[in-house]
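With chain A held as given, fit chain B onto it using these hints.
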Amino acid sequence: MTKDQMTAARQFIDAIPHSRRLGMQLEELSDGRAIISMPYDSALIGDPVTKVIHGGAVSALMDTAGGAAVVAHPLAGLGTATLDLRIDYMRPATPGQTITATAECYHVTRTVAFVRATACDEDTGRPVATATGAFTVVKASA
Amino acid sequence: MSRPEPVTQVKRRRDLALSVIVSQVPYIEFLGVRFDRHGDELTATMGFHDNLIGNPMLPALHGGATAAFLEITAIIGLAWSTLWDDIEAERLDVEAVQNGALVLPKTIDFTVDYLRTGLPRDAYARARVNRSGRRYASVHVEAWQDNRDRLFAQASGHFLMPQSHG
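Protein chains in written order, with this note's numbering: chain A, -13 to 128; chain B, 16 to 181.
If we strip away everything but chain A, and leave its shape as in the complex, we get:
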């Protein structure tokens, strides 16, 4: 990945209003890989009893990390859209802790990029959720 591509990918992610609203931070970006964190916020609670973050916020984090991994892949273009995303929830995220998603774009065809992602809280040995998804490949020359 060239420096220009990296800068463009970073700007692409920073310019997403919904991701910013959820407090997402780009932690790492390399060829086909993205790490994005989302701090705990009581506005994002989905379970009133346990104060656990709503699965939807975790989905948004996974989707953003997945899209970023695609954009950061050397064979993909500078834009993408999600075709499908499946999330498996392993355990509730611990209230008060930041959730960090690591997404890897492991295969790209001319039209489709395939992604897998894992989300963890501070206990990085036990994932909170995993995801697999397919994203569009948008090429400027197409």
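Heads up, some of the hints might be wrong.
[Stated by the list, open to error] Stretch by stretch, here's where chain B covers chain A in the computed footprint (C-beta under 8 angstroms, at least three residues):
1. 4 to 12
2. 28 to 40
3. 46 to 58
4. 68 to 79
Just so you know, these hints were derived from the structure itself, not from any lab.
As the structure is a prediction and not an experimental result, all values here were calculated from the model.
All C-beta atoms in this analysis are idealised placements derived from N, C-alpha and C, irrespective of residue type, glycine included.
Just chain B now, with coordinates in the frame of chain A:
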């Protein structure tokens, strides 16, 4: 034979139950989602807001906002359908729900299909509970914008039902 319950009383009871359930989940308010009720049928609306944008160039809704909207619709739809009999029999303890006694179904897995670009305008969704067992439930959700038969996203998911003790 007892006379049927007055319609205003029926509506008041159902609407109160719905608003109390929905108000327990901060994320629903965060996303700007509300629920309209006709009988036992719920329609969720996610009012458009700039904060929901995922692609500012198009512009288009964020896939994560769409996924969250569908998951909210599925969970509330599922909880509503399981509580319906209690609401009708006036067994739902509204005060207890307000004090945090409501245990919602938990998502096991959730799969979203993105069929069209989410446009920068209001979105609507309805959930259908395909199977609701003692432990597990399977729910399908459809979301549209301007035309009911042109879905922009659909999802299906499995949920763990709240376990009553004993």
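Practice item. Closer than 8 angstroms, Cβ to Cβ, for at least three residues: run that test on the region 46 to 58 of chain A against chain B and report holds or violated. Key: Holds: 6 residues of the region 46 to 58 of chain A have a Cβ under 8 angstroms from chain B.
Point to revise | Coverage claim, chain B over the region 28 to 40 of chain A, checked by counting residues with Cβ within 8 angstroms (three needed) | key: n = 10 at 8 angstroms, threshold three: holds.
Check your understanding: Quick check: the region 68 to 79 of chain A, covered by chain B? Criterion 3+ residues, Cβ under 8 angstroms.
Key -> holds (count 9)
Review point. Quick check: the region 4 to 12 of chain A, covered by chain B? Criterion 3+ residues, Cβ under 8 angstroms.
Key: holds (count 4)
Every hint, counting from the list given before, is met by this structure.
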